[in-house]
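A.B. asks: Sequence:
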Amino acid sequence: MRLRLTVAYVGTRYSGWQIQEKPDAPPTVQGLLEAAFSQVLCRPVRVHGAGRTDAGVHADGQVAHVDIPDERAGLDWVRVCNSRLPDDVCLLDAVPAPPGFHARFSACGKIYTYQIWQDRRILPPRLAPFVWSCGYRLDWEAVRRALPHFLGEHDFASLQNAGTDVTDTTRELRRLELRPDLALLPGHPDAMAVQVEGSGFLKQMVRNLVGLLVSVGRGRTAPEDVPALLAARDRRCLSQIATAPAHGLTMTRVLYQESCCQVSQ
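In the numbering used here, each residue carries its 1-based index in the sequence shown increased by 41.
Treat the hints as calculated values from the structure; they're not laboratory data.
There may be inaccurate statements among the hints.
What the hints assert, rightly or not - Restricting the straight-line Cα-Cα distance to at most 16 angstroms, the calculated cross-link-like pairs of lysine to aspartate or glutamate (EDC-like) are: (1) Lys244 x Glu218; (2) Lys244 x Asp275; (3) Lys244 x Asp206; (4) Lys244 x Asp95; (5) Lys244 x Glu213; (6) Lys244 x Glu182.
A quick note: this is a predicted structure, and the numbers were derived from the prediction, not measured.
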């Protein structure tokens with residue numbers, strides 16, 4: 042049978058989600074989960090994720106699936122796996138998946154949250170692994186004027202970093218918001234969260250999007266310049282804009298149609 046898994050992790054120590062098939066490969070979240078399931082089942086097991094996260098990126102709701110023998114369906118997989126996982130990786134849920142469910146191909150969207158801290162003089166230590174301390178007071182009203190230009194279906198090649206074989210760079214952004222209520226220190230004037238929901242994302246697309254928004258907030262890029270930068274469909278047009286650091290990014294949730302979330306009775 043197939044299990045649908047929900048996984049949370051702090052990505053600081055890991056080389057991303059995806060296992061790397063090479064000698065002495067650095068640890069990955071997928072590799073840890075596969076090792077945990079393999080130990081219990083006494084055979085190699087493949088765990089399929091909804092999407093890759095880069096080295097250093099975190100997750101509150103990564104989704105994956107794994108196939109197990111029917112006779113092991115009654116095992117408390119959350120307890121059994123978490124006893125074999127380090128403290129910075131946690132299996133939140135393991136439930137039977139409906140027929141045909143695939144963590145990646147059944148997904149209809151994802152939500153990411155990016156955390157920004159503005160004051161260069163101070164940074165609360167507990168926030169440091171999870172925020173981009175950009176060191177500048179940003180003009181959030183200018184940033185808000187830029188947000189609508191990203192919404193809808195666009196070719197986002199300008200926001201894709203090198204190192205991918207993806208050929209179709211068109212994606213749909215359904216929602217892009219500034220969410221101070223979601224910041225790690227809500228109500229603090231230096232804390233801000235950017236949340237984005239889309240049909241899918243290119244390699245480091247969210248981090249490049251946030252880098253562009255910070256450039257707008259610093260007054261280096263005008264909000265009205267965004268459509269032309271996207272229309273260029275060329276990462277080189279943003280070469281002077283920094284890719285936001287990985288550690289500020291969290292995969293918040295993977296979205297599925299209701300039919301993919303219900304187990305047939």
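A.B. asks: Are Lys244 and Asp206 close enough, with their CA atoms no more than 16 angstroms apart?
C.D. replies: holds, 10 angstroms
A.B. asks: Below or equal to 16 angstroms on CA atoms is what counts here, so check Lys244 against Glu182.
C.D. replies: With a Cα-Cα distance of about 28 angstroms, the restraint between Lys244 and Glu182 is violated, given a limit of 16 angstroms.
A.B. asks: Would the pair Lys244 and Asp95 pass a check requiring their Cα atoms to be no farther apart than 16 angstroms?
C.D. replies: Holds. Lys244 to Asp95 sits at ~9 angstroms (cutoff 16 angstroms).
A.B. asks: What's the verdict on Lys244 and Glu213, does the C-alpha distance respect the 16 angstroms limit or exceed it?
C.D. replies: Roughly 15 angstroms between the alpha carbons, so the hint for Lys244 and Glu213 holds.
A.B. asks: Hey, Lys244 versus Asp275, does the alpha-carbon distance stay inside 16 angstroms?
C.D. replies: Satisfied, since the Cα-Cα distance of roughly 14 angstroms is no more than 16 angstroms.
A.B. asks: Starting from Lys244, check that the Cα of Glu218 is at most 16 angstroms away, please.
C.D. replies: Judged against 16 angstroms, a Cα distance of about 21 angstroms means the pair is violated.
Of the numbered hints given earlier, the model fails hints 1 and 6; all others are met.
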